[in-house]
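Chains as they are written, first to last, in numbering that gives the first Met the number 0: chain A, 0 to 188; chain B, 0 to 174.
Treat the hints loosely; a few may be bogus.
Said to hold, decoys possible - Listed below are the simulated DSS-like cross-link pairs for lysine-lysine, each with C-alpha atoms no more than 25 Å apart in a straight line:
#1 B:Lys-134 x B:Lys-94
#2 B:Lys-139 x B:Lys-103
#3 B:Lys-134 x A:Lys-184
#4 B:Lys-125 x B:Lys-94
#5 B:Lys-67 x B:Lys-94
#6 A:Lys-184 x B:Lys-67
#7 B:Lys-103 x B:Lys-134
#8 B:Lys-67 x B:Lys-134
#9 A:Lys-184 x B:Lys-94
#10 A:Lys-184 x B:Lys-171
#11 B:Lys-67 x B:Lys-139
What the hints assert, rightly or not - Derived list of chain B stretches under chain A, where covered just means 3 residues or more per stretch with a C-beta under 8 Å from a C-beta of chain A:
#12 41-47
#13 115-125
#14 136-150
If you are wondering where the hints come from, they were derived from the structure by calculation, not from laboratory data. Ideal Cβ positions, reconstructed from N, Cα and C, are used throughout, including at glycine.
The primary structure of each chain is shown beneath.
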Amino acid sequence: MIALLNTLILAAEGEPHRDDNGQVVTHSWILPEAAELIYGTISSIIIFALLYKFAGPAIKKGFNDRTARIQQELDATSQAQADATAEAATIMQAKGDIDAERQRMLDAADAQGEMLLAEGRVRLDQEIAELEARAASEVESGASRAGDELRAEITRTAAMATERILAGGIDPDAQQALIEGFISKVGAS
Amino acid sequence: MSDSRIDGYARGLFEIARAEGTIDEVEDELFRFGRAFESNDALRNALTDELIPADRRQGIVESLLGGKATTTTTQLVSMVVGAGRGRDLPAIVAKLVDRASASKSLESAEVRSAVPLTGDQQDRLKAALTNATGKQLNLKVVVDPSILGGIVATVGDTVIDGSVRTRVDQLKSRL
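Starting from the given sequences, assemble the full structure and let the hints guide the process.
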């Protein structure tokens, strides 16, 4: 087949003429020769027809396969995107749960802290009240004790003074008066 | 010492004194010596110290009572002290006085006074106590300056306290 085409091409080519310098010269610097154009066109049609007949299905199959592969990749990508979105949603939900848990823990910690603080204040208030009460009691007790000691001292002093005065001498008349008084009292009873 | 032993000593002393015919003097002298024994720590320690030989303790008794009390009293006290029963002397004397009073159908009455009582005062006091208690009394008078003034009379379990000491103590309590 190729040999045939080459033969047709060679047959379509006109005899090139040479100039004075022996160089090959065509009739246009851009347009092919007419015969070359005809045979070239026919050859191209034949080539394209052959390409269409024999290479077209392969090319089409290749394109279809590529399209299918791309579609598959697109589907896979979409699936991956969906999966990623779901995963992201799960992560976001987990994050939300974590945030909620963290908030809950923070709230619980705050509540516990508040409770401890309140209890500490209450206990502190109680201790202060107890200390104040104890101090007041001790002050009162001290005052009472001092009063008692003072009274005891006054009593001791008064008793000592009385005894000293009496020991220093109840005069005989007073002694006799006491004795007579006792006798009279007992006798009258 | 057990009560029975104290009672035995008292009964023995009483019988000796009664046999001697000096029960009233002996009773009175023993009573006074018993009170002196109770109130004088040095005398009590000397007569009850087991480390002091018995004859030495008896010597102390005889030097104290010799010439001031009847021989019977001196010998009786010396016997009790020599037997190592000096610590029980007040109890023995108390039993003896009770026994002597009982022998005369009398109740013992101890009277403490800050100053000595005259005979007339003792008679009137005895009459007053007899009237108050309804008992015939064997009055024993002790001069006890520690009561400061007035009289404390004890008849059996009854105490009639008219002492200045008690009034001072009552004043202390009220204060």
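Hint check:
Between Lys-134 of chain B and Lys-94 of chain B the alpha-carbon distance is near 18 Å, which keeps this suggested pair within the 25 Å criterion. Between Lys-139 of chain B and Lys-103 of chain B the CA atoms are separated by roughly 14 Å; this keeps the pair inside 25 Å, and the hint holds. With a C-alpha separation of about 17 Å, the suggested pairing of Lys-134 of chain B with Lys-184 of chain A holds against the 25 Å cut-off. Note on Lys-125 of chain B and Lys-94 of chain B: the hinted pairing holds, with a Cα-Cα distance of about 21 Å set against a maximum of 25 Å.
Proximity of Lys-67 of chain B to Lys-94 of chain B is assessed by CA-CA distance (about 23 Å); at most 25 Å being required, the pair is judged to hold. Distance restraint check for Lys-184 of chain A and Lys-67 of chain B: the Cα-Cα separation of roughly 35 Å exceeds the 25 Å cut-off, and the hinted pair is therefore not satisfied. The hinted pair formed by Lys-103 of chain B and Lys-134 of chain B meets the criterion: a straight-line CA distance of about 12 Å does not exceed 25 Å. In summary, the hint linking Lys-67 of chain B to Lys-134 of chain B is not supported, as the alpha carbons are separated by about 32 Å, beyond the 25 Å threshold.
Between Lys-184 of chain A and Lys-94 of chain B the CA atoms are separated by roughly 30 Å; this puts the pair beyond 25 Å, and the hint is violated. Straight-line distance between C-alpha atoms of Lys-184 of chain A and Lys-171 of chain B comes to about 24 Å, which keeps the hinted pair within the 25 Å bound. Taking the CA atoms of Lys-67 of chain B and Lys-139 of chain B, the gap is near 18 Å; set against the 25 Å cutoff, the hint holds. Remark: the segment 41-47 of chain B is not confirmed as covered by chain A, as 0 of its residues place a Cβ nearer than 8 Å to a Cβ of that chain, below the required three.
A count of 4 residues in the segment 115-125 of chain B with a Cβ less than 8 Å from any Cβ of chain A is obtained; the coverage claim is therefore met, three being the minimum. Against chain A, the segment 136-150 of chain B contributes 4 residues with a C-beta closer than 8 Å to a partner C-beta. That satisfies the three-residue criterion, and the hint holds.
Checked against the numbered hints listed earlier, the structure breaks hints 6, 8, 9 and 12; every other hint is satisfied.
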